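Asker: Residue 30 in my numbering sits at position 9 of the sequence shown; the count goes up by one each step and never skips.
Check each hint, because a few of them may be wrong.
[Claimed, not checked] For each label pair, taking beta carbons as the anchor points, the in silico distance ranges come out as:
#, residue 1, residue 2, range
1, Thr229, His53, 37 to 43 Å
2, Thr32, Gly227, 29 to 35 Å
3, Thr39, Thr229, 41 to 47 Å
4, Arg35, Arg63, 18 to 24 Å
5, Ser131, Asn207, 25 to 31 Å
6, Glu34, Pro209, 40 to 46 Å
Because the hints were derived from the structure by calculation, they are not lab data. Computed from a predicted model, the values in this text were never measured in an experiment. From the three backbone atoms N, C-alpha and C, an ideal C-beta is built for every residue, glycine too.
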Amino acid sequence: MARTRMQQLRTLERDVRTCDRCVVAGHLPEAHPVIWNPVAGRNMVIGQAPAQGAHLAERPWSGPSGALMRAWFATAGFDPERFHDDWYFTSITKCFPGKAASGTGDRSPSAAERALCRPYLEVELALIRPALIVTLGRLAADAIIPGARSRTLRELVETVWQVDVGYGDVPVVALPHPSGVGRWLNDPDNRARVDRAMERLALAWGNTPMLGGGAP
Numbered sequence: 022m023a024r025t026r027m028q029q030l031r032t033l034e035r036d037v038r039t040c041d042r043c044v045v046a047g048h049l050p051e052a053h054p055v056i057w058n059p060v061a062g063r064n065m066v067i068g069q070a071p072a073q074g075a076h077l078a079e080r081p082w083s084g085p086s087g088a089l090m091r092a093w094f095a096t097a098g099f100d101p102e103r104f105h106d107d108w109y110f111t112s113i114t115k116c117f118p119g120k121a122a123s124g125t126g127d128r129s130p131s132a133a134e135r136a137l138c139r140p141y142l143e144v145e146l147a148l149i150r151p152a153l154i155v156t157l158g159r160l161a162a163d164a165i166i167p168g169a170r171s172r173t174l175r176e177l178v179e180t181v182w183q184v185d186v187g188y189g190d191v192p193v194v195a196l197p198h199p200s201g202v203g204r205w206l207n208d209p210d211n212r213a214r215v216d217r218a219m220e221r222l223a224l225a226w227g228n229t230p231m232l233g234g235g236a237p
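Turn these sequences into a full structure, and let the hints guide you.
Answerer: This is the structure:
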């Protein structure tokens, strides 16, 4: 990576870590942005927002959801021990949004919060120029894949999407959020869809998939 781009990524990291836009707008009581490995490799994982564990550890996907995600990616030939070093991790919003009003799971960031954070994602895409993108959860897919809102999650997971993110078409693989809160993964057919998506992800990157999946 050129020195100039590395400097720009460091500047972006500083800007994200000091961001308080959602606090000023009254959406959050405090700002605690999470950004990880800003000079990592050419693959990008885009989630919805940092979870509470990431908020406390300042490391994305450090809890049970991250363990399941790494298990998925292991079936696609990606070393789980190097996972946090080989991928650039980001999210639609950069701060933990707090718990849901129901008390179950995390609150989904509002459209206003997503709009305030969107410029950071645009800069990340422009600087990282990922060769492969994986979205986790409905909001992430909607933000990256054109027309995603009109499709079911099953349809999104079944396809490798070619998306122009500003510098040419990039393969995008949509996955469900690996959280135990949602019920989508309770369906064996949906878990089989994830297995097939990981096979497609492996082939898109040139890895050898572990046929038969292995996602819990």
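Asker: Run every hint past the structure and note whether it holds.
Answerer: Status of the hints after comparison with the structure:
1. Thr229 with His53: 37 to 43 Å: holds (39 Å)
2. Thr32 with Gly227: 29 to 35 Å: 32 Å Cβ-Cβ, so the 29 to 35 Å window holds.
3. Thr39 with Thr229: 41 to 47 Å: Because 43 Å falls inside the window, the suggested range holds.
4. Arg35 with Arg63: 18 to 24 Å: This hint holds: roughly 22 Å between Cβ atoms.
5. Ser131 with Asn207: 25 to 31 Å: holds (27 Å)
6. Glu34 with Pro209: 40 to 46 Å: Holds: the Cβ-Cβ distance is about 41 Å, inside 40 to 46 Å.
In the structure shown, no violation is registered for any of the earlier numbered hints.
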